[in-house]
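Protein chains in written order, with our numbering: chain Z, 1 to 570; chain U, 1 to 246.
If you are wondering where the hints come from, they were derived from the structure by calculation, not from laboratory data.
Any given hint might turn out to be false.
[Said to hold, decoys possible] Each computed DSS-like pair below joins lysine-lysine, with the alpha-carbon atoms no more than 30 Å apart:
{"hint": "1", "chain 1": "Z", "residue 1": "K146", "chain 2": "U", "residue 2": "K231"}
{"hint": "2", "chain 1": "U", "residue 1": "K219", "chain 2": "Z", "residue 2": "K111"}
{"hint": "3", "chain 1": "Z", "residue 1": "K482", "chain 2": "Z", "residue 2": "K433"}
{"hint": "4", "chain 1": "U", "residue 1": "K225", "chain 2": "U", "residue 2": "K192"}
[To be verified] Among the chain U residues that face chain Z by a calculated CB cut under 8 Å, a handful are:
{"hint": "5", "residue": "S53"}
{"hint": "6", "residue": "G61"}
{"hint": "7", "residue": "K231"}
[As the list claims (entries may be wrong)] Partial list, computed: chain U residues near chain Z (C-beta under 8 Å):
{"hint": "8", "residue": "I101"}
{"hint": "9", "residue": "V105"}
{"hint": "10", "residue": "L115"}
{"hint": "11", "residue": "I122"}
{"hint": "12", "residue": "T138"}
{"hint": "13", "residue": "S139"}
{"hint": "14", "residue": "N153"}
{"hint": "15", "residue": "F209"}
{"hint": "16", "residue": "G211"}
Here a beta-carbon is modelled for each residue, glycine too, at the ideal position from N, C-alpha and C.
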Amino acid sequence: MDFESYDVLVVGGGLAGIRAAIAAVEANPRARVGMVSKVYPMRSHTVSAEGGAAAALRPEDSYEKHAFDTVKGSDYLADQEVVEAFVREAPIEVIQMEHWGCPWSRDPDGKISARPFGGMTTWRTCFAADKTGFHMLHAVFQTSLKYDQITRHDEAFVTKLLVEDSRCVGVVALDIRSGRFDAITAKSVILATGGLGRIYAFTTNGNICTGDGMALAYRAGVGLKDMEMVQFHPTGLPFTGILITEAVRGEGGYLLNNQGERFLKRYVPNKMELGPRDIISRAMITEFEEGHGFDGPHGKYLHLDVRHLGEEVIDRKLPFMRELGREFVGIDIVKEPIPVRPVQHYMMGGVDADIAGATPMLGLYAAGEVANVGLNGANRLGSNSLSECLVFGAAAGRAATEYAASARPVTANPVDAMLWDEARRVESEFLEKKGGSERMGAIREEMQHEMDAGAGVFRTKEGLASLIERLGGLRERFGRIKVEDTSHTFNTEMTAAIELDFMLELSQTMAISALAREESRGAHARRDFPERDDEKFLKHTLAFRREGARPRLEYRDVHITRFQPQARSY
Amino acid sequence: MADKRITIRATRYDPEKDKAPRVQSYDIPFPDESMVVLDALNYIKSNVDGSLSYRWSCRMGICGSCGMMVNGTPKLTCNAFLRDYWPRSITVQPLNNFPIIRDLVIDMEDFMHKLKSIKPWIIRQQEIPLGAGAHYQTSEQIDDYRQFSECINCMLCYAACPVYGLNNEFLGPAATALARRYNLDSRDQGLKERLPVLGDAEGVWECSFVGECSVVCPKGVDPAKAIQQTKLDTTMRFVLPYGNRD
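Make a model of the complete structure from these sequences and hints.
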């Protein structure tokens, strides 16, 4: 049987994936690089990032300051040698993006500008107005088109990693348009599939953010690290969950409760609106509980007020926010405050990977939100993730290329059999399934609401235990789903079923990792264990899959170089 | 009005079963004034008919996936509000001028080739090494190309373009706007390399300046302006043989 074969195969076409593909080609111009994505690359969720990319470019900044802010922001769960490497590479990558055409906003002297951001002690967030992710993604994607060595497989959905003798040798991908399953082999594979926000009901994440890469690696036996660490962004629009960027506060916007009070003075008095996301989200929920929220048709909310900034600043620095307000809420943010409430936004947890993006499985790498390289710990600072995609995308691209140069070729025989088995599995589970009665949409919505309720901003033992039970029930009902669409052509009901299968698997690792972490650290806030416990939990959680049983957890020490854990106050 | 309802008439087409596209009607609840056409499609897919196929992701008007014809006009369905149509029914069709793959899903491979053909990347006669730092670029220089950099590749302009409807070889609005985006960038020196594609028989001269592309653009890009300006560039090429920026 014929199959495509590459030196390096990137799964995912967002910022990390494309950066990895270009790095692979630049590391070895003769390398054959494949990129497979379930959507056209410019649809990837990078496109929705707004506020900016952090890099210590300004003379008054330093690597050390950026590193310390990141480690403190992580509540000391970041691996510090990873952070130190990251802060050194981020400025180089921001300049690389500039050379590739990213329209960075500029200071009057024509240099790349920066804005303040939450948890950052100085202005280091480089930005392209308030559409930074959009501009970065289109710049890097369009730049990638000049490399003929990169072959794209657009709208192909990876359902399984090909593993031979404990080495990753490619993927099985469903060509969505034709319904055909293909084996795409490679000497090394880089996962860059992004986050899993769609496990929650109220999320900033797009429909495609279903944790595919995490589930693929987990099923292949790779551990998932710190899956209890989920970021809730303070400012989402009620109903849609559309992100209102932290840059709104960076530019001077106020968060107000129903008394018109800048309530953050009672929570983060030294940072106010520029506190880190975990703490501000908890402050907002506490305000709701104390009766200081507004009641709206879509639940409680607070006000984000930029009226005092004036129309000129808003139009220059936050034009997309004005557009979103006008188009999706029917308000003009120049004249009215924006209704906001905390919303699932980012997954700190992910595929266990090291500083070069290498996972414990030979030939398998991961970069971007899908990975946990140890940069973000228990709470990511806003604007570190776009830089993370660049730095660790490039690192994974280089490392995977180097590995591919010495790796032995992939042999056809076992691949054929694995392709056949996987195609049969998916078709029999989803396409040719008869007699199912459970509606997939209902199971998905229940999972999302259970996760909002049980694994949200605040967690408890009872809530998590009950969540685990309910997720088990949903998993069992999933076995009886009804798939109505029997077509092979662009069957999005089948792809949604595969995504839901992945999400049910991941939600269980999240709830079980959260139940076991009996402390509060960063975004993981346990009402029954309100203090951080460095004695027991200055450790990463690793979840491993067990067939027919709950995941097995292991713990691994955090790497500390120069910043000793201390109380985290702002 | 707790039991308000709305009718969605969606194009259905499965090439494995249907000879031609057909219309299917869905009468669904409309409980919330915030609902958009995309929410209606998602309601149908989750609760009524799981086989309805369409693309979507960000639902905030930036990923460009969910463009469809809504009552005959190309729209992003994520910000086409039901309240603006109700009590009329809403007809949702795949974008005009493209082959249909399935239901509301169009084939946009043609655009992907056109995008590459205009070389949408910074072209320099000599690359500046990374160590030399960033280029200087003032806000005024960004303003020169800013609007053309806002294109989200949603294909609404192609669906609105009568010339593209008649001749799919036409380079078309978005690709020309993106070429213009690079030609106007102070960091770029690639005009001369792009002009052969822009100025050839299927390039900008095909445009009859209907201007619908600019009307339907959800991001305020003015591809019609890009096309007219590019016509000038292709003319200048003959007047000034080395182009206007080297």
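Evaluation of the provided hints:
As the CA atoms of Z:K146 and U:K231 are separated by approximately 25 Å, the hinted pair is consistent with the 30 Å bound. Restraint check: the Cα-Cα separation between U:K219 and Z:K111 comes to about 27 Å, which is no more than 30 Å; the hinted pair holds. With a CA separation close to 7 Å, the supplied pair Z:K482 and Z:K433 stays within the 30 Å bound. Restraint check: the Cα-Cα separation between U:K225 and U:K192 comes to about 20 Å, which is no more than 30 Å; the hinted pair holds.
For U:S53, the interface hint holds, since its Cβ comes within 8 Å of a Cβ in chain Z; the closest pair sits about 5 Å apart. The interface hint given for U:G61 holds, since its Cβ lies 7 Å from the closest Cβ of chain Z, which is under the 8 Å cut-off. Hint on U:K231 is violated. Least Cβ distance to chain Z is approximately 23 Å, over the 8 Å limit. Hint status for U:I101: holds, given a least beta-carbon distance of 5 Å to chain Z, under 8 Å.
Look at U:V105: its Cβ gets to within about 5 Å of chain Z, closer than 8 Å, so that hint holds up. At a threshold of 8 Å, the smallest CB-CB gap from U:L115 to chain Z is about 7 Å, leaving the interface hint in force. For U:I122, the interface hint holds, the least distance from its beta-carbon to any beta-carbon of chain Z being 4 Å, beneath 8 Å. The closest approach between the C-beta of U:T138 and any C-beta of chain Z is roughly 5 Å, which is under the 8 Å cut-off, so the hint is satisfied.
A distance limit of 8 Å between C-beta atoms decides the matter here; for U:S139 the minimum to chain Z is near 6 Å, and the interface restraint holds. At a threshold of 8 Å, the smallest CB-CB gap from U:N153 to chain Z is about 5 Å, leaving the interface hint in force. Checking U:F209 against chain Z by beta carbon gives a least distance of about 26 Å; that is not within 8 Å, so the hint is violated. Because the closest C-beta pair between U:G211 and chain Z is about 22 Å apart, greater than 8 Å, the hint is violated.
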